[in-house]
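There are 4 protein chains.
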Amino acid sequence: MKRIENFKSIIDKYEVVFFDAFGVIKTYQGLVPGIEDTFAYLEATKKEYYIVTNDASRSPVQLAESYHRAGLTAITPDRVISSGMLTKEYLDLKVDDGIVAYLGTEDSAHYIDSSGLHTLPVSQINITNLDKVNALIFLDDEGFDWCDDLNKTVNILRKRTIPVIVANTDHAYPRSVSDVAIAIGGIASMVENIVGKQFIRFGKPDSQMFMFAYDMIRNYRPISKKEIVMVGDTLQTDILGGNKFGLDTVLVLSGNTLPNDAEARITATGIVPTYICDNAVVKTGGFDF
Amino acid sequence: MKRIENFKSIIDKYEVVFFDAFGVIKTYQGLVPGIEDTFAYLEATKKEYYIVTNDASRSPVQLAESYHRAGLTAITPDRVISSGMLTKEYLDLKVDDGIVAYLGTEDSAHYIDSSGLHTLPVSQINITNLDKVNALIFLDDEGFDWCDDLNKTVNILRKRTIPVIVANTDHAYPRSVSDVAIAIGGIASMVENIVGKQFIRFGKPDSQMFMFAYDMIRNYRPISKKEIVMVGDTLQTDILGGNKFGLDTVLVLSGNTLPNDAEARITATGIVPTYICDNAVVKTGGFDF
Amino acid sequence: MKRIENFKSIIDKYEVVFFDAFGVIKTYQGLVPGIEDTFAYLEATKKEYYIVTNDASRSPVQLAESYHRAGLTAITPDRVISSGMLTKEYLDLKVDDGIVAYLGTEDSAHYIDSSGLHTLPVSQINITNLDKVNALIFLDDEGFDWCDDLNKTVNILRKRTIPVIVANTDHAYPRSVSDVAIAIGGIASMVENIVGKQFIRFGKPDSQMFMFAYDMIRNYRPISKKEIVMVGDTLQTDILGGNKFGLDTVLVLSGNTLPNDAEARITATGIVPTYICDNAVVKTGGFDF
Amino acid sequence: MKRIENFKSIIDKYEVVFFDAFGVIKTYQGLVPGIEDTFAYLEATKKEYYIVTNDASRSPVQLAESYHRAGLTAITPDRVISSGMLTKEYLDLKVDDGIVAYLGTEDSAHYIDSSGLHTLPVSQINITNLDKVNALIFLDDEGFDWCDDLNKTVNILRKRTIPVIVANTDHAYPRSVSDVAIAIGGIASMVENIVGKQFIRFGKPDSQMFMFAYDMIRNYRPISKKEIVMVGDTLQTDILGGNKFGLDTVLVLSGNTLPNDAEARITATGIVPTYICDNAVVKTGGFDF
Numbered sequence: 006m007k008r009i010e011n012f013k014s015i016i017d018k019y020e021v022v023f024f025d026a027f028g029v030i031k032t033y034q035g036l037v038p039g040i041e042d043t044f045a046y047l048e049a050t051k052k053e054y055y056i057v058t059n060d061a062s063r064s065p066v067q068l069a070e071s072y073h074r075a076g077l078t079a080i081t082p083d084r085v086i087s088s089g090m091l092t093k094e095y096l097d098l099k100v101d102d103g104i105v106a107y108l109g110t111e112d113s114a115h116y117i118d119s120s121g122l123h124t125l126p127v128s129q130i131n132i133t134n135l136d137k138v139n140a141l142i143f144l145d146d147e148g149f150d151w152c153d154d155l156n157k158t159v160n161i162l163r164k165r166t167i168p169v170i171v172a173n174t175d176h177a178y179p180r181s182v183s184d185v186a187i188a189i190g191g192i193a194s195m196v197e198n199i200v201g202k203q204f205i206r207f208g209k210p211d212s213q214m215f216m217f218a219y220d221m222i223r224n225y226r227p228i229s230k231k232e233i234v235m236v237g238d239t240l241q242t243d244i245l246g247g248n249k250f251g252l253d254t255v256l257v258l259s260g261n262t263l264p265n266d267a268e269a270r271i272t273a274t275g276i277v278p279t280y281i282c283d284n285a286v287v288k289t290g291g292f293d294f
Numbered sequence: 006m007k008r009i010e011n012f013k014s015i016i017d018k019y020e021v022v023f024f025d026a027f028g029v030i031k032t033y034q035g036l037v038p039g040i041e042d043t044f045a046y047l048e049a050t051k052k053e054y055y056i057v058t059n060d061a062s063r064s065p066v067q068l069a070e071s072y073h074r075a076g077l078t079a080i081t082p083d084r085v086i087s088s089g090m091l092t093k094e095y096l097d098l099k100v101d102d103g104i105v106a107y108l109g110t111e112d113s114a115h116y117i118d119s120s121g122l123h124t125l126p127v128s129q130i131n132i133t134n135l136d137k138v139n140a141l142i143f144l145d146d147e148g149f150d151w152c153d154d155l156n157k158t159v160n161i162l163r164k165r166t167i168p169v170i171v172a173n174t175d176h177a178y179p180r181s182v183s184d185v186a187i188a189i190g191g192i193a194s195m196v197e198n199i200v201g202k203q204f205i206r207f208g209k210p211d212s213q214m215f216m217f218a219y220d221m222i223r224n225y226r227p228i229s230k231k232e233i234v235m236v237g238d239t240l241q242t243d244i245l246g247g248n249k250f251g252l253d254t255v256l257v258l259s260g261n262t263l264p265n266d267a268e269a270r271i272t273a274t275g276i277v278p279t280y281i282c283d284n285a286v287v288k289t290g291g292f293d294f
Numbered sequence: 006m007k008r009i010e011n012f013k014s015i016i017d018k019y020e021v022v023f024f025d026a027f028g029v030i031k032t033y034q035g036l037v038p039g040i041e042d043t044f045a046y047l048e049a050t051k052k053e054y055y056i057v058t059n060d061a062s063r064s065p066v067q068l069a070e071s072y073h074r075a076g077l078t079a080i081t082p083d084r085v086i087s088s089g090m091l092t093k094e095y096l097d098l099k100v101d102d103g104i105v106a107y108l109g110t111e112d113s114a115h116y117i118d119s120s121g122l123h124t125l126p127v128s129q130i131n132i133t134n135l136d137k138v139n140a141l142i143f144l145d146d147e148g149f150d151w152c153d154d155l156n157k158t159v160n161i162l163r164k165r166t167i168p169v170i171v172a173n174t175d176h177a178y179p180r181s182v183s184d185v186a187i188a189i190g191g192i193a194s195m196v197e198n199i200v201g202k203q204f205i206r207f208g209k210p211d212s213q214m215f216m217f218a219y220d221m222i223r224n225y226r227p228i229s230k231k232e233i234v235m236v237g238d239t240l241q242t243d244i245l246g247g248n249k250f251g252l253d254t255v256l257v258l259s260g261n262t263l264p265n266d267a268e269a270r271i272t273a274t275g276i277v278p279t280y281i282c283d284n285a286v287v288k289t290g291g292f293d294f
Numbered sequence: 006m007k008r009i010e011n012f013k014s015i016i017d018k019y020e021v022v023f024f025d026a027f028g029v030i031k032t033y034q035g036l037v038p039g040i041e042d043t044f045a046y047l048e049a050t051k052k053e054y055y056i057v058t059n060d061a062s063r064s065p066v067q068l069a070e071s072y073h074r075a076g077l078t079a080i081t082p083d084r085v086i087s088s089g090m091l092t093k094e095y096l097d098l099k100v101d102d103g104i105v106a107y108l109g110t111e112d113s114a115h116y117i118d119s120s121g122l123h124t125l126p127v128s129q130i131n132i133t134n135l136d137k138v139n140a141l142i143f144l145d146d147e148g149f150d151w152c153d154d155l156n157k158t159v160n161i162l163r164k165r166t167i168p169v170i171v172a173n174t175d176h177a178y179p180r181s182v183s184d185v186a187i188a189i190g191g192i193a194s195m196v197e198n199i200v201g202k203q204f205i206r207f208g209k210p211d212s213q214m215f216m217f218a219y220d221m222i223r224n225y226r227p228i229s230k231k232e233i234v235m236v237g238d239t240l241q242t243d244i245l246g247g248n249k250f251g252l253d254t255v256l257v258l259s260g261n262t263l264p265n266d267a268e269a270r271i272t273a274t275g276i277v278p279t280y281i282c283d284n285a286v287v288k289t290g291g292f293d294f
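Protein chains in written order, with my numbering: chain U, 6 to 294; chain A, 6 to 294; chain B, 6 to 294; chain Y, 6 to 294.
Check before you lean on any hint, since a few could be wrong.
Remember, identical chains collapse to one label, so a pair may be satisfied in a single copy or spanning two.
What the hints assert, rightly or not - With a Cα cut of at most 35 Å, we get these calculated DSBU-like pairs of lysine-lysine: (1) K93 with K230; (2) K18 with K202; (3) K137 with K51; (4) K51 with K202; (5) K164 with K18; (6) K7 with K288; (7) K164 with K52; (8) K157 with K230; (9) K230 with K51; (10) K52 with K230; (11) K93 with K52.
Calculated from the structure, these hints are not laboratory results.
Note that this is a predicted model, so its numbers are computed, not measured.
If we strip away everything but chain U, and leave its shape as in the complex, we get (with noise of 0.2 Å):
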């Protein structure tokens, strides 16, 4: 574990490099300060990136918006890589017909629409549908009813033996300066231990997430995993993920790890990145590239 001054010497060594986005790229503010030069830099030295998230509430191409609309253009929709698009290929791959009942916003649900499939929130399953429902996915805190729906798909999987797909893992995520929301992968987890079920879930530190984008970059070159670098702020997901995979990994400390308790947190979950940093800004002050 090294403390490295300069995100760019980073850079230097790898040729790809995956990026957590919120913590990373944006917090509950707007851009971290100064990232838009990470990504120039990244352009100018022809590295390859990719943005690896837990976000299932939209697809690529509105996650690719949002940073645009930052003023942020270099993160095209291919550059993006989500839990969503896990779930998609799981229902392509797994479920051949019927219902998948979700919870979630119609954006996100939209994003998983899968040919042959109907795509239905919870609350419009009943009595006439239900044996229909084939799969069932966790997608977004928003855009349904906690208590109705909630209490509606308990009964649903005591009822049908299905797969259940949670696409975020994460429990909880940051709203604002002082305040966190409860996220879908928390609300799953008490689902499932209501249930009794063991659900399927897609989002770091799963290696099907980092497989996923290993897996894109091989479709066109050859790539070792000695060659690409996973920058997060999240020990438990981004850095675990990360190292179980093969890879390097930055701790950057412009998210949930604060820079005053990086090391205790290190020492105490045993979870050790190759490098941590302050920030994933390439600091060019000066010099021409």
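Position chains A, B and Y against the provided structure of chain U, taking the given hints into account.
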């Protein structure tokens, strides 16, 4: 473990009978048919009995009234011991002043009113009174907005280091012949997991419930644990808790545990009742007492 | 939560003091320096005191002797309340005949001998006596072959549906200034997880420990919970358990909880003692009593 | 979920078959009777097959030899994919120098030897070489003293912040018709719980096992997940892992899951195989191939 045909033979062996409420005396359909005969027999033979319940949604007076409305007048408020009573004892002993924030109905909150404390629903906590919140109670799954108030609860607990009481340990409860509902104990576990703090739980199988009942009896007469039997329909709460406290236990098959999988569940969990009985109904057919 | 300079001022406020043993009265290095003054002050002021310990490896007589050898004669066997005593009470009340198999030393087993029961180490259970095993007890981490006897324990519990008692809930205990040892509570959790059955645990933070002590006092005098204070070095056992039972609590910093992270741990766990004190030593400097 | 009479009809539908080892190809009694016919049929029809096993106690060469000794020569080392191989890949990618301490047999350790690393049993770690320990691996339940070496492991991990690999996720494994043994995965969970750090686990149901096998095939030919089927006897590892990776799955009833409770377990866990088949034996009776 002995199968018993007539619950009467169990009553005959003990001085005091503890009953769970739901699944033993009543179900979502009303009183268990014939249960009046059991209480008539208890009165006739001058045996003592108590209702030991995880239901913290109403006071003993209100719980007793609900039996009276159903036609069972033998259950008076002084016979009812609920996890809510332990919550109230905790507040009396351990919280001296300030606000007690709660999730639940007004009825449930009214009951825990303790001198010197101001009881307020979580929805009414804000930046002006946050500093005065000295305890937070999970009372009931009704009476609040799940999305708004659970998110608010998480943030209160991130800002205030205060005791959190879960007044009902159940994770789900039956609502109709085919459906269950998520109980406040399940919701509390989700919040506990997210904030990473340790909550205090009152309710079976915890010994403190049984101790509370045991103490009530000893206030006016000597009694040995050998002379008390606990009757319940749930292995993980009634039977485990009764066994651990040192009581003999009866599993009845009129609620949570179904006749055709009682033995499989006992073997799977290792929780062994002293007796198994179809229900807690005394069959008095043709005999005088 | 108040910081207290001199433990004496705490004693002055209560009628009865409960002490945890390890980390409060003694450490792996012997008695806490000056602790004799505390017991001299308790005797002088005619306050009652009890040692409430999760140590089930020896009987109260043997535990008291270990204090005498160290020079602390004030602790007599009737002052010692251990989780082993709850185990013995359970066997007396709930197991009528047959074999009680155990993991632990002969010393620890001798203590739980109960009339009508035959106590045998797990190593002596075989095909000829397996059917007579009516309970299994995890007593101590010493006195048995971990590999052979834990594998045998797993297979006994797959074949016999019997109560399993864990007489010490601790998962580890300190053995020197730098090292800890795995405790029987940690081993029991592994076995419980593998066999999928539910074990019965005695020991702090469970209320039954406190109730046992509380009942001992009430046998000869009336006492209110308000008049008892629990002194311990561990938030998760001593303080959580004392709080839940309704007692005031003192966290001392002479054991598990170190002075420089006491506040961080209290905030992280949400377990709040009534007082914090460097140690349980009464400073009597220059004053007569 | 379809019941299939003859495993042959499953092979006919796929290009590649992944087999779990224990409970599918062999049991504690030796090869599953008739399983040779399955591999003869696979060879005759030029289908590919791999053994995907959580057994990290021996190298692929040694595992293949054990099949040869039993008379099944079709399984060559290049067909065996074990969780030990993922452990070796991790060490190659992520640990550059120093000592790798391990719990297991010398055989299991020999296999993970990685250039630049010094592999030493935990029993040989002491104050002179502790600082050079850069990883610790749980390999096998044999080859070490459980009491001494597990206590030593706990203390190594309290002093060194290093990655810990669990090379076998199983908590128990069958050893005879009536007995099981505690597996290294169960032991590792106890240690993880005591030290409070997060270990890295390789083995089904984790996707990385399936990805490793999938990548091996893609090295020399294109293949879609739709063309691969996973055959296993355990819902929680083989079937859950296969499903999540996007493969079709076959539950066979020759091992962990018994014919008379397969459906109950599927309903209870919510883990649904694509097919159920008595065993993985191709019945070729009277037909030529």
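Evaluation of the provided hints:
| no. | hint | in the structure |
| --- | --- | --- |
| 1 | K93 with K230 | both (25 Å within a copy, 14 Å between copies) |
| 2 | K18 with K202 | between (44 Å within a copy, 30 Å between copies) |
| 3 | K137 with K51 | neither (49 Å within a copy, 38 Å between copies) |
| 4 | K51 with K202 | neither (46 Å within a copy, 38 Å between copies) |
| 5 | K164 with K18 | between (53 Å within a copy, 31 Å between copies) |
| 6 | K7 with K288 | within (18 Å within a copy, 48 Å between copies) |
| 7 | K164 with K52 | neither (50 Å within a copy, 39 Å between copies) |
| 8 | K157 with K230 | between (44 Å within a copy, 33 Å between copies) |
| 9 | K230 with K51 | both (18 Å within a copy, 32 Å between copies) |
| 10 | K52 with K230 | both (15 Å within a copy, 30 Å between copies) |
| 11 | K93 with K52 | both (28 Å within a copy, 29 Å between copies) |
In this structure, the earlier hints numbered 3, 4 and 7 are contradicted, and the remaining ones agree with it.
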